[in-house]
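Asks: Given next are the chains, with one letter for each unit.
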Amino acid sequence: MMKVALIDYKMGNLFSIAHACEKVGLEVEITNNPEKIKNADALILPGVGAYPLAIEQLYIQNLTEPIKDFANTGKYIFGICLGMQLFMDQSNEFGVHQGLGLIEGEVLRFPESTTNTQPRFIPQIAWNNVSIEQPNHPLFKNIPNNEYFYFVHSNYVKTKSTQNILCSTDYSNFKYSSAIVQDNLIGIQFHPEKSGIQGLKIFENYKELIYKR
Amino acid sequence: MECKRIIPRLDIKGPNLVKGIHLEGLRIVGKPEKFAEYYYAQGADELMFVDAVASLYERNSLHDIIKRVAKQIHIPLVVAGGIRTIKDITEALRVGADRVSINTAAIQNPKFIEEAVRTFGSSTIIVTIEAIKQNDGKYLAFTDNGREHTGLEVSDWTRQLNNLGVGEIIITSVDQEGTGQGYDYQLIKLVSEIATMNITASGGAGSPDDVEKLLTNTSVSGAAIASILHYEIAKELFDPADDYREGNIEYINKIGNTKMFQTTTIPALKAKLIEKSINIRPN
Chain B
1 MMKVALIDYK
11 MGNLFSIAHA
21 CEKVGLEVEI
31 TNNPEKIKNA
41 DALILPGVGA
51 YPLAIEQLYI
61 QNLTEPIKDF
71 ANTGKYIFGI
81 CLGMQLFMDQ
91 SNEFGVHQGL
101 GLIEGEVLRF
111 PESTTNTQPR
121 FIPQIAWNNV
131 SIEQPNHPLF
141 KNIPNNEYFY
151 FVHSNYVKTK
161 STQNILCSTD
171 YSNFKYSSAI
181 VQDNLIGIQF
191 HPEKSGIQGL
201 KIFENYKELI
211 YKR
Chain R
1001 MECKRIIPRL
1011 DIKGPNLVKG
1021 IHLEGLRIVG
1031 KPEKFAEYYY
1041 AQGADELMFV
1051 DAVASLYERN
1061 SLHDIIKRVA
1071 KQIHIPLVVA
1081 GGIRTIKDIT
1091 EALRVGADRV
1101 SINTAAIQNP
1111 KFIEEAVRTF
1121 GSSTIIVTIE
1131 AIKQNDGKYL
1141 AFTDNGREHT
1151 GLEVSDWTRQ
1161 LNNLGVGEII
1171 ITSVDQEGTG
1181 QGYDYQLIKL
1191 VSEIATMNIT
1201 ASGGAGSPDD
1211 VEKLLTNTSV
1221 SGAAIASILH
1231 YEIAKELFDP
1241 ADDYREGNIE
1251 YINKIGNTKM
1261 FQTTTIPALK
1271 AKLIEKSINI
1281 RPN
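Protein chains in written order, with the working numbering: chain B, 1 to 213; chain R, 1001 to 1283.
Some hints here could point you the wrong way.
Derived pair list, reagent style EDC-like, types lysine to aspartate or glutamate, alpha-carbon separation capped at 20 Å [what the hints assert, rightly or not]: (1) R:Lys1071 - B:Glu22; (2) R:Lys1254 - R:Glu1024; (3) B:Lys10 - R:Asp1088; (4) R:Lys1071 - B:Asp41; (5) B:Lys10 - R:Glu1115; (6) R:Lys1087 - B:Asp8; (7) B:Lys38 - B:Asp69; (8) B:Lys23 - R:Glu1033; (9) R:Lys1071 - B:Asp69; (10) R:Lys1067 - B:Glu22; (11) R:Lys1071 - B:Glu65; (12) R:Lys1071 - B:Asp8; (13) B:Lys3 - B:Glu35; (14) B:Lys3 - B:Glu56; (15) B:Lys23 - R:Glu1037; (16) R:Lys1067 - R:Glu1033; (17) R:Lys1034 - R:Glu1236; (18) B:Lys10 - R:Glu1091.
Computed Cβ-Cβ distance ranges for the label pairs, DEER-style [claimed, not checked]: (19) B:Tyr59 - R:Gly1165: 20 to 26 Å; (20) R:Asp1242 - B:Glu22: 25 to 31 Å; (21) B:Thr162 - R:Asp1243: 53 to 59 Å; (22) B:Gln163 - R:Gly1165: 33 to 39 Å; (23) R:Gly1137 - B:Glu22: 51 to 57 Å; (24) R:Asn1060 - B:Glu104: 45 to 51 Å; (25) B:Pro34 - R:His1022: 26 to 32 Å; (26) B:Lys38 - R:His1022: 36 to 42 Å; (27) B:Lys38 - R:Arg1094: 24 to 30 Å; (28) R:Lys1259 - B:Gln134: 51 to 57 Å; (29) B:Pro52 - R:Asn1253: 53 to 59 Å; (30) R:Lys1235 - B:Pro52: 49 to 55 Å.
Calculated from the model, a selection of chain B residues having no Cβ within reach of chain R, i.e. all distances over 12 Å [said to hold, decoys possible]: (31) Leu14; (32) Lys23; (33) Asn33; (34) Glu35; (35) Lys36; (36) Asn39; (37) Pro138; (38) Ser172; (39) Asn173; (40) Lys194.
Treat the hints as calculated values from the structure; they're not laboratory data.
The beta-carbon is built from N, C-alpha and C at its ideal position, and this holds for glycine as well.
With these hints in hand, go ahead and build the complete structure from the sequences.
Replies: Take a look at the structure:
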């Protein structure tokens, strides 16, 4: 049995993710124990809330180094929403804040709309299409292109290299990366745990990835 | 492109799903868990749970319901009613809510909303406006399910909410609520011209046409719907073996005899909206 650590750093919807994992037979342990994280076979880094608070919590709970070390082992880390944003070098939410620096790039706020006819409400709270830019990536196995997933966020990631872009999404005529990848690091902006059956498939695929490694 | 959300609204009293008119005269419609699971399977985009009596007493039963539902249902859950403190929000999120909506406590203390936004992020914090149109044509915001007069004008309150960082407004027309006479488009227009965030409209849907009209003619991003979805399926989901000790279930048997509502299902409603080129997530 693979050990998957769902990192609890007091920022987020742990139980929804745990329930979704349970549905697809992926056993997770909710933990903030660095030793357990180190010994896990894979990680899930969740997160809902503000970037500065999140990164502060990771530091307070001495989790930044264990996560960075884990990334270097080649074992999978799956970042969801704010969890993905933490992979980046920095965020501009409420001032500039350093992230974990695992993937080159930054987190930016959606631009305000420039026209009155098409307002872009911030945060985005919507089901939206996910266009798969790397069609053979196993995380999106059996998921049709442009499938709908549930998004709730004000900020998006901009990777330095376009090679990190796994999926893209259009929000009120603004195209951004809705999933990113760098070898063993996978991040998605939407909430698979809140995206019905298609979302559960993402967890199923992640499970398969872990077991195949 | 982002889709408009179809949101079944479930008003909860004790262990039961209820429905009233103008938020009053609540009648039992069935068991909320059954409706929630049914709507999830049918392709609802989000579920809204409203504690119909929360401003008055006990709320543990709602949390028990949310806890059970959240295990089975993998779409966003909004919880509203009786949320007054940061602890209340933490507790609602802990049992499985994704976002919470606040009315009474927001009007009494706008600083509470600022604090909530800082703590949980703007995408978690919604404010419900319960609006009643006055004889002079002005819309006023009420609290406690439309019972308490505040004197606050809806337009002024919306302007204030723009500055508090709230992620969404649920605008409930108490006048239209439960009547099946259509959303209050004038009210929705008033709010959406001022608001800089997402709006969900609630109160008045009496037919699929009403929902179409709402999503075609206004910029709201969510349509809350209750009667026309509940009444379509209430008899089928009713099981006399369920525990109904806390209320009168006579109304369930009378459902269907009403001329006020043209009932529908989520797939049928969504198909109709997609046909009208409205951005909707198909089932």
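Asks: If a hint holds in the structure, say so; if it doesn't, say that too.
Replies: Hint check:
1. R:Lys1071 - B:Glu22: 9 Å, holds
2. R:Lys1254 - R:Glu1024: 18 Å, holds
3. B:Lys10 - R:Asp1088: 16 Å, holds
4. R:Lys1071 - B:Asp41: Roughly 25 Å separates the two Cα atoms, so the pair is violated.
5. B:Lys10 - R:Glu1115: Satisfied, since the Cα-Cα distance of roughly 17 Å is no more than 20 Å.
6. R:Lys1087 - B:Asp8: 19 Å, holds
7. B:Lys38 - B:Asp69: 8 Å, holds
8. B:Lys23 - R:Glu1033: 18 Å, holds
9. R:Lys1071 - B:Asp69: Status violated; Cα separation ~33 Å.
10. R:Lys1067 - B:Glu22: At roughly 15 Å apart (the allowed maximum being 20 Å), B:Glu22 and R:Lys1067 satisfy the hint.
11. R:Lys1071 - B:Glu65: 33 Å, violated
12. R:Lys1071 - B:Asp8: Holds - the C-alpha atoms of B:Asp8 and R:Lys1071 are around 19 Å apart, at most 20 Å.
13. B:Lys3 - B:Glu35: Holds - the C-alpha atoms of B:Glu35 and B:Lys3 are around 13 Å apart, at most 20 Å.
14. B:Lys3 - B:Glu56: At roughly 26 Å apart (the allowed maximum being 20 Å), B:Glu56 and B:Lys3 break the hint.
15. B:Lys23 - R:Glu1037: 15 Å, holds
16. R:Lys1067 - R:Glu1033: Measuring from Cα to Cα gives roughly 10 Å; hence the hint holds.
17. R:Lys1034 - R:Glu1236: 10 Å, holds
18. B:Lys10 - R:Glu1091: This hinted pair holds, its Cα atoms lying about 13 Å apart.
19. B:Tyr59 - R:Gly1165: 20 to 26 Å: The hint (20 to 26 Å, Cβ to Cβ) holds, given that B:Tyr59 and R:Gly1165 are roughly 25 Å apart.
20. R:Asp1242 - B:Glu22: 25 to 31 Å: 26 Å, holds
21. B:Thr162 - R:Asp1243: 53 to 59 Å: 58 Å, holds
22. B:Gln163 - R:Gly1165: 33 to 39 Å: Distance hint for B:Gln163, R:Gly1165 holds at roughly 36 Å.
23. R:Gly1137 - B:Glu22: 51 to 57 Å: Once the Cβ atoms are compared, 53 Å apart, the range 51 to 57 Å for B:Glu22 and R:Gly1137 holds.
24. R:Asn1060 - B:Glu104: 45 to 51 Å: 49 Å, holds
25. B:Pro34 - R:His1022: 26 to 32 Å: 56 Å, violated
26. B:Lys38 - R:His1022: 36 to 42 Å: 59 Å, violated
27. B:Lys38 - R:Arg1094: 24 to 30 Å: The hinted range 24 to 30 Å holds for B:Lys38 and R:Arg1094, with Cβ atoms some 28 Å apart.
28. R:Lys1259 - B:Gln134: 51 to 57 Å: Since the Cβ atoms of R:Lys1259 and B:Gln134 sit about 55 Å apart, the hinted range of 51 to 57 Å holds.
29. B:Pro52 - R:Asn1253: 53 to 59 Å: Given range 53 to 59 Å: holds, Cβ gap about 56 Å.
30. R:Lys1235 - B:Pro52: 49 to 55 Å: 52 Å, holds
31. Leu14: Nearest chain R Cβ is 9 Å from B:Leu14, so the label is violated.
32. Lys23: 8 Å, violated
33. Asn33: Check passes; 21 Å lies beyond 12 Å.
34. Glu35: 26 Å, holds
35. Lys36: 22 Å, holds
36. Asn39: 27 Å, holds
37. Pro138: Nearest chain R Cβ is 21 Å from B:Pro138, so the label holds.
38. Ser172: The claim is violated: B:Ser172 sits with its nearest Cβ about 7 Å from chain R, within 12 Å.
39. Asn173: 8 Å, violated
40. Lys194: Per Cβ check, B:Lys194 is inside 12 Å of chain R; nearest 5 Å; violated.
The earlier numbered hints that this structure contradicts are 4, 9, 11, 14, 25, 26, 31, 32, 38, 39, 40.
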